[in-house]
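*Asks:* The chain contents come next:
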Amino acid sequence: MMKKTIFLAIVLLFACTSCRQNEVKILSLQEKMNAKVSELTEMNELGTVEYKVTKVVKASDDAKWYQFGDRKILFQCTAYLKAGVNLNKFDPSKVKVNEKEKSVVVVLPRAELLSFNMPPESARMVYEKVAITRFDFSAQERNLLLQQGEKEIRDNVPTMGILQDAEKNAAAFFRSLLSQMGFESITIKFA
Amino acid sequence: MERKRVSFASFLPVLALIILIAAIAGYFYFKNKPEDEGLKIDETANVVTEIKKIAQFTSACYYEDVILKDSKANETLGGKVLNTFSKKDKPLLEDQIVIVASGNVRAGFDLSKLTEQDVQVQDSVLTVRIPKAEIFEVIVNPSGFDIYIEEGSWSHEQVTNVENKAMKRLREDAIRDGLLEKATDLGVAKLTDLFKTFGFRDVVVTVKG
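Just so you know, the protein sequences line up as chains A and B, in that order.
When you line the first sequence up against our numbering, it's residues 1 to 191, in that order.
When you line the second sequence up against our numbering, it's residues 192 to 400, in that order.
Here chain A stands alone, though its shape is the one from the complex (with noise of 0.2 Å):
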């Protein structure tokens, strides 16, 4: 009798504690289902180059003393990333119009990253070896591989030349739309 009243214990015990986790997961889950959270919120960007950019993600979980056999995952991924000038930057006051003259002096704000967009369907899973004593890479592991791919591109950004391709072309659209709008000369520099 004792000995039973144990393993019933036992066994409630551990199926207590292993369902806890998911309901508690579960019902917090249901709170942020109710709540839509959402904004719209205005923007003033105008972005100027488009860098595609591939990168290799590629990771070895070797045997740790517990374990058994390696595992190992390779993906191939694209980034796309967009830069430009943040207009909300821009000093009105900087402009200098000259109408007789018909020139113009623009100065712009430094170009910056807009966006960077990694989008799910261009991160391929090309290679995966799992040694059968090991569990396969859960779909969890697989995000935060990704996300440390993410990381490095990003990182990397300043040593691309995109900011520096992003200013050349933010002149070269102010210039052909100036020159549109009737102006001769046009300076447009970058502070």
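These aren't lab readings, by the way, just hints derived from the structure by calculation.
Heads up, a few of these hints could be off.
Said to hold, decoys possible - Each computed PhoX-like pair below joins lysine-lysine, with the alpha-carbon atoms no more than 25 Å apart:
1. K356/B x K304/B
2. K94/A x K387/B
3. K399/B x K244/B
4. K387/B x K96/A
5. K356/B x K387/B
6. K189/A x K244/B
7. K189/A x K243/B
Could you slot chain B onto chain A? The hints should help.
*Replies:* The following block gives chain B in isolation, referenced to the frame of chain A:
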């Protein structure tokens, strides 16, 4: 008083039971725990494969946290056997995934479509006809995805399908909440202000029909 002698053999069932419970507990613990939270990627090059000149004026952006839930019949051998006894629409053993996608939708005007005829100046009055507002992109990066619940085994393609559904819903919600209308109104106002700084007496910005 006679002492009852307990043999080692009588402990064997209890010992076996303890080992069994520990094995089951260990299985579920390691199954639900990411194998290695400190998994790091190897250093690889970032290769720029295409450079495109654009002129996208973004005037509005929609942000949302989309929660998407999906389920499928368990694909393990045990699951397949058990699911042969289930009804068609509801498998007995199901895998579930819940993904929270935090993303944004950017909209505005593609000013590369402006032609010479679209920009006219007459008596210091500037008239600019801009193209219709459009959605430039729906962005949810890996850092924007949170795998909230993951039960069972989900392949990369299956997860990508769920993520794509989240992106589609984000786009639909943005349109339903008036992103394009807001982008049009804000864009016209912002461009009018910008063009006024170039010294025109009056600026008229209209959207092509």
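*Asks:* Just to be careful, I want the Cα atoms of K189/A and K244/B compared with a cutoff of 25 Å; is the pair within it?
*Replies:* At roughly 19 Å apart (the allowed maximum being 25 Å), K244/B and K189/A satisfy the hint.
*Asks:* Going straight from one Cα to the other, do K94/A and K387/B come out at no more than 25 Å?
*Replies:* holds (13 Å)
*Asks:* Check whether the Cα positions of K399/B and K244/B lie no farther apart than 25 Å.
*Replies:* holds (23 Å)
*Asks:* Are the Cα atoms of K356/B and K304/B separated by 25 Å or less?
*Replies:* It is violated: about 31 Å lies between the C-alpha atoms, which goes past 25 Å.
*Asks:* Given the hint that K356/B pairs with K387/B, test it: the Cα-Cα distance must not exceed 25 Å.
*Replies:* violated (43 Å)
*Asks:* Hint check: K189/A vs K243/B, CA-CA at most 25 Å. Holds or violated?
*Replies:* Distance ~22 Å between K189/A and K243/B Cα, so the pair holds.
*Asks:* Assess, step by step, whether the Cα of K387/B is no farther than 25 Å from the Cα of K96/A, and give holds or violated.
*Replies:* holds (12 Å)
Going through the hint list in order, the structure does not satisfy hints 1 and 5.
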